[in-house]
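Trainee: Just so we're aligned: the sequence shown equals residues 1 to 557 in the numbering used here.
Since the hints were derived computationally from the structure, they do not count as laboratory data. The reader is advised that the hints may include incorrect statements.
Below, in silico cross-link-like pairs of lysine-lysine (DSBU-like), each with a Cα-Cα straight-line distance of 35 Å or less [stated by the list, open to error]: (1) K69 / K3; (2) K227 / K394; (3) K17 / K99.
Fair warning: this is a prediction, and the values are worked out from it, not measured in the lab.
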Amino acid sequence: MGKKLLVGADIFDKLMKGNGYYVDKTEILYELVEETSNEVTLFTRPRRFGKTLTISMMESFFDIRRESKDVFEGLNIMNHTEFCEEWMNRYPVLSLSFKDVEGLTFEKAYSKLKTVIANLCKKHAYLEFKEKILPADAALFRKLQYETADESNVENSLITIMRMMNSVCEMPVILLIDEYDVPLAKAYSNGYYQKMLDVIRGIMSISLKTNEYLKFAVITGCLRIPKESIFTGVNNFASYSVLDVDFSQYFGFTQFEIEKLLAEFQQSDKIEDIRAWYDGYVFGNTEIYCPWDAVSHVRALMKRKNAKPESYWENTSGNDAIKAFFEMENVDISDKLETLLNGGTITENVTNTLTYEEVYKSERNLWSVLLMTGYVTSSYIGEPEEAGGIKEVKLRIPNREIAAIFQKSVVDHFNKNVDQGQVRELMQAMWNGDEEHASEVLSNLLWYTISYMDYHEDYYHAFVTGIFVGRGRYAVQSNRERGLGRPDVDLRDKSNRRAMIIEAKKAESKKRMEYWCDRAIQQIIDNDYAKDMNDYTKVLCYGVSFFKKSAMVKLMK
Numbered sequence: 001m002g003k004k005l006l007v008g009a010d011i012f013d014k015l016m017k018g019n020g021y022y023v024d025k026t027e028i029l030y031e032l033v034e035e036t037s038n039e040v041t042l043f044t045r046p047r048r049f050g051k052t053l054t055i056s057m058m059e060s061f062f063d064i065r066r067e068s069k070d071v072f073e074g075l076n077i078m079n080h081t082e083f084c085e086e087w088m089n090r091y092p093v094l095s096l097s098f099k100d101v102e103g104l105t106f107e108k109a110y111s112k113l114k115t116v117i118a119n120l121c122k123k124h125a126y127l128e129f130k131e132k133i134l135p136a137d138a139a140l141f142r143k144l145q146y147e148t149a150d151e152s153n154v155e156n157s158l159i160t161i162m163r164m165m166n167s168v169c170e171m172p173v174i175l176l177i178d179e180y181d182v183p184l185a186k187a188y189s190n191g192y193y194q195k196m197l198d199v200i201r202g203i204m205s206i207s208l209k210t211n212e213y214l215k216f217a218v219i220t221g222c223l224r225i226p227k228e229s230i231f232t233g234v235n236n237f238a239s240y241s242v243l244d245v246d247f248s249q250y251f252g253f254t255q256f257e258i259e260k261l262l263a264e265f266q267q268s269d270k271i272e273d274i275r276a277w278y279d280g281y282v283f284g285n286t287e288i289y290c291p292w293d294a295v296s297h298v299r300a301l302m303k304r305k306n307a308k309p310e311s312y313w314e315n316t317s318g319n320d321a322i323k324a325f326f327e328m329e330n331v332d333i334s335d336k337l338e339t340l341l342n343g344g345t346i347t348e349n350v351t352n353t354l355t356y357e358e359v360y361k362s363e364r365n366l367w368s369v370l371l372m373t374g375y376v377t378s379s380y381i382g383e384p385e386e387a388g389g390i391k392e393v394k395l396r397i398p399n400r401e402i403a404a405i406f407q408k409s410v411v412d413h414f415n416k417n418v419d420q421g422q423v424r425e426l427m428q429a430m431w432n433g434d435e436e437h438a439s440e441v442l443s444n445l446l447w448y449t450i451s452y453m454d455y456h457e458d459y460y461h462a463f464v465t466g467i468f469v470g471r472g473r474y475a476v477q478s479n480r481e482r483g484l485g486r487p488d489v490d491l492r493d494k495s496n497r498r499a500m501i502i503e504a505k506k507a508e509s510k511k512r513m514e515y516w517c518d519r520a521i522q523q524i525i526d527n528d529y530a531k532d533m534n535d536y537t538k539v540l541c542y543g544v545s546f547f548k549k550s551a552m553v554k555l556m557k
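Construct the entire structure; sequences and hints are all you get.
Mentor: As structure tokens, this is what we get:
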């Protein structure tokens with residue numbers, strides 16, 4: 001049987017036993033143990049780059065309660081025979097994720113944290129009744145399991161469980177924590193950051209600082225919170241971000257891995273589309289594809305031969321960091337965005353460490369967050385020079401997917417802040433059939449967006465639609481079926497029994513703008529977009545063309 005492509009699979013044993021396709025990252029086990037002396041290792045990467053699957057794979061490999069030889073058969077780590085004999089299924093492992101610890105209030109998020117700890121206790125319920133367990137630990141374990149423990153008990157929960165595991169197995173424990181910073185990100189967004197920071201810092205410090213029961217710990221997240229804020233007193237601590245060369249190949253897919261994936265599922269002819277949309281990240285000295293996007297798109301191609309690339313990554317989360325730029329007072333990044341969206345680079349001083357309280361306090365911090373979370377990437381291979389925790393980095397947008405996210409954010413910001421007087425002036429000109437004035441006003445409105453040399457037609461569609469949506473009494477539909485197709489804008493003014501159809505096109509030069517207006521009008525005619533509008537006394541059909549920041553409006557005669 002051929003391998004199955006399981007989108008979003010992040011439980012390693014389930015993936016492997018279910019004959020799922022796995023891009024082999026197991027060499028990280030050998031490098032982590034044999035080539036570092038880290039007691040605590042933090043890996044920070046953008047979301048959807050394989051952090052959770054990596055933690056699950058580590059748990060499967062090290063956990064003494066499992067027999068994983070068959071699961072790892074044929075994978076790269078098995079080439080290290082002596083290492084596997086020494087480490088595979090030889091240590092107790094405590095693994096948990098903070099990804100679901102969130103809520104609109106501290107009480108709600110804290111309740112979810114207690115549930116995470118309770119589920120962890122249930123997973124290790126065998127510990128409670130072992131003879132070697134201290135009675136006090138057994139009593140606390142029951143409180144944690146039934147969610148009756150107080151905050152001090154919760155902060156001591158991991159070290160309590162580790163002490164119990166150590167007593168039973170008579171070996172130190174490997175601690176794995178996934179998405180450690182999610183509670184802090186959500187806490188900042190909802191106004192209880194300091195309360196949650198105190199709890200997470202307590203858990204981390206107690207579990208990681210001079211813990212005699214700890215073999216080593218691996219932690220993942222998006223941002224590295226400064227050591228003094230959350231990892232106070234932790235020794236032999238090492239952090240690896242998108243700027244570090246070490247471990248750079250283990251999160252995301254390399255070019256070789258993408259080509260192998262496409263060949264496995266007979267999609268090698270789609271390499272250029274996948275490269276343009278999902279490649280372009282640079283982690284340390286490695287060029288990387290976003291794995292979530294690549295797998296999602298290959299899966300779509302297997303279902304629909306001509307599936308178009310889309311923003312799978314964007315759909316998994318909001319884009320708060322980009323939105324925050326537009327909301328910062330006394331900061332204008334329009335020139336920098338124009339440079340980035342035109343394929344250029346900008347040079348910024350960034351930092352590897354940020355508290356969530358600091359994220360939105362300066363332009364530098366926001367560029368740092370955009371870099372660490374995957375919205376921009378370094379434009380060169382290797383580690384940049386560092387001075388006082390600050391690194392000077394040349395930044396660029398990695399691919400078309402992220403460029404589209406920026407474009408959408410620009411349009412959304414424009415639509416929220418557009419000059420309503422000019423919008424009314426444009427509407428009046430178009431209802432009056434005044435092509436020349438409508439063209440002038442629409443060009444003026446376009447001037448206040450970001451200048452982007454490689455505008456795609458959907459950018460202009462979003463721009464036009466945004467102008468007309470939510471304008472009082474008008475009923476507006478976009479890309480809804482009418483006649484034999486989908487007009488870009490279908491606008492109805494029922495109170496005055498008038499309607500408007502607009503079709504927008506992108507021109508390749510200023511000289512060709514009128515040609516594309518005519519093409520748009522012909523599309524309206526051919527697809528009968530004005531069908532069933534006989535009840536309206538006035539129906540206006542417009543072809544609109546754009547070239548960079550110029551617009552031309554033409555009325556169908």
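Trainee: Take the hints in turn and mark each one as holding or not.
Mentor: Verification of the supplied hints:
1. K69 / K3: holds (19 Å)
2. K227 / K394: Between K227 and K394 the Cα gap is close to 26 Å, so the pair holds against 35 Å.
3. K17 / K99: holds (25 Å)
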